[in-house]
Amino acid sequence: MSQQEENAVVVDNLSKSFRIPLDNSSGVKQALVNFHKRQRGYRDFHVLDKVSFSIQKGEFFGILGRNGSGKSTLLKLLAGIYTPNAGAVHVQGSLTPFIELGVGFNPELTARENVFLNGALLGFSREEMNGMYDEIVEFAELGDFMMEKLKNFSSGMQVRLAFSIAIKSNSDILLFDEVLAVGDSDFQQKCFNYFRKIKEEQDRTVILVTHDMSAVQKFCTRALVMNNGEVVMIGDPKDAAITYQAINFPEKYDEKSERQKVDLILANQEDNVFKTGDTLELKIVWDKQLKGVENIGVAIMSSDESYVFGTNTIIDKIALPDDKRELIYKAKLNLGSGTYTAKAAAFGETGDDTIFFNNLGLTFHVKEDAQWGGLTYLDHEWVGGKQK
Amino acid sequence: MKLSNTFSRRNRILLRELVVTDFKLRYQGSVLGYLWSLLKPLFMFAILYVVFGHFAKLDGGIEHFAVYLLLGIIFWTFFTEATNQGLASIVERGDLIRKINFPKYIIVISGTLSAFINLLLNLVIFAVFLVINGVNLHMSALLFPLYIIEMYVFSLSLAFFLSASYVKYRDISHIWEVLLQGAFYATPILYALQIVFSVSDTAAKIMLLNPVAQIIQDSRDALVTTQTLTSADLIQNPLVRLIPFVLVGVLIVVASYYFKKHSRYFSENV
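Listed in order, the protein sequences are those of chains A and B.
Using the working numbering, you'd call the opening residue of the first sequence number 1 and step up by one each time.
Using the working numbering, you'd call the opening residue of the second sequence number 389 and step up by one each time.
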């Protein structure tokens, strides 16, 4: 009994199919023609097949799947937007879906007017929205523009406004469908901060539907992988990411071994924490089975997937060793505090011919106590002042 | 769709915002703005009065034919506006239906509400005309609110049917347009019912089974002149006279059920 009270969402043998019309014309005339000819004007397209799982209160639950795996349909069924053909969805508590930011936004109305309809869809009355209005505008940094028509806003501004309203939602369960992949890096940072805050507070349940493996590993406490309308696995986010990669890039992943075919290992220290200016030493090892490897590349990405620096042996005019299948990559980390991932790949002769790409990579942290900030540390000087 | 839930706080909030947004969009950017919705029936009245009141006389000798005609036009304007806006409302707000779950009937109600607000304002203008024409009101005027409610409920039920069907069959809008055209002439709006009655009393009785005709005639009788031919005058059997009311009552129940059943699949088709 207490198990049931702990569940935020229970999905029970859920199946869903759609009717795809076969004719171009729709209308009473076509319906009569079909009836007369005794034929169906549509075919059945099965999207979900007997899906069952449950999500507990407070979890940050990821749903990973490729486009076409059925994950967006599942999301809409959870939100009550679609109706199941068989099975059921049981939801305990209030649920708000964010399938698109700014639902109900009308370009012909001013930004201010749009705030109220969007708020009403989230369940807030005009009085409540009036109370939150100043906070929303401040968070979105759109103070001077609110009386302009929304069509004059850039898409980035619209997303900022929509997001600032969305975070006011106080539903028990929040459902996100890759909405937060848009926007500039500043906005991405705001999204990440928001997710981090929710994850820490732990009083809300979040369901994140995505095909981004790193987002799942970054935020989720548990994840589910979908493929062809079925649940393939549920469990640890890292395992989910590996399963996802195994299903969708099978020729590049060897299920028997846990190691990737191109692997990165920290060579010069035990833990993965560095200070700015330290040397990162990575041993890159690639599998004997990979044929035709002429080029090894390493790319460093920041936590918001910004591309920091990438190079490969052909660019740097290095020939791969004949006898062994390993190479050491050393780089000076002139980076600011943060979390980074080093990814490695093996290529053929040209840079386009990828033989194996390790997208999970090796994550490391740079912790620098000094007060300067930013992604990179630049050697610099001030001329004309006096040293204190 | 429990009735208690129908008026829940969240639904009321949403309804209010939808109506406000609809108004702003409809009338912003136009020179006369909201005045248009009041001027339209007046213009129509002016044209019809001149043509059918003076040139091709269809007033059947009724006193106060001008206000008699105006009331019919005001009601007919509401009927066409409410059903046409209601018809298109679900498809037009597909953007909301595909992204968030909420009771879909709110959309149809909001579509009919702006027409209803116009009706009320037009009735104010009508009241002014009543005074100008020196029409004396009787106790029967108290029945008038009943007819307004009956008209709204009837239009709403049709809006439910039409909006749900329109999602699957897009030619419904053309079919309805043609039906409305025909219905305009089959309803005694621009002519006095006496004219039909003098040719065939059966035809007149059948016309009065149409709820819109019944509402308009009964309203004219209550507010304008007792010379109006109503179902009370033509049909002896009180039960037969009740047919339009019963029809409206049954229709709203059936339409609501039809709408609810189909609303579950709107998000896939809209």
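Treat the hints with caution; some may be incorrect.
[What the hints assert, rightly or not] DSSO-like cross-link-like pairs, simulated, lysine-lysine; straight-line CA separation at most 30 Å:
1) Lys151(A) to Lys218(A)
2) Lys291(A) to Lys238(A)
3) Lys412(B) to Lys168(A)
4) Lys29(A) to Lys648(B)
5) Lys649(B) to Lys50(A)
6) Lys197(A) to Lys238(A)
For the record, the hints were derived by calculation from the structure and aren't laboratory data.
Quiz item: Does the structure keep lysine 197(A) and lysine 238(A) at a Cα separation of 30 Å or less?
Solution: holds (21 Å)
Quiz prompt | Pairwise hint evaluation, lysine 218(A) against lysine 151(A), where the allowed Cα distance is 30 Å at most | solution = Status violated; Cα separation ~35 Å.
Quiz item: When you check the alpha-carbon spacing of lysine 29(A) and lysine 648(B), does it fall within 30 Å?
Solution: holds (25 Å)
Quiz prompt | Agreement of lysine 412(B) and lysine 168(A) with the hint, judged by alpha carbon distance not exceeding 30 Å | solution = holds (26 Å)
Practice problem: Assess, step by step, whether the Cα of lysine 649(B) is no farther than 30 Å from the Cα of lysine 50(A), and give holds or violated. | Solution: holds (24 Å)
Quiz item: Are the Cα positions of lysine 291(A) and lysine 238(A) separated by 30 Å at most?
Solution: Distance ~28 Å between lysine 291(A) and lysine 238(A) Cα, so the pair holds.
Hint compliance for this structure: hint 1 alone is broken.
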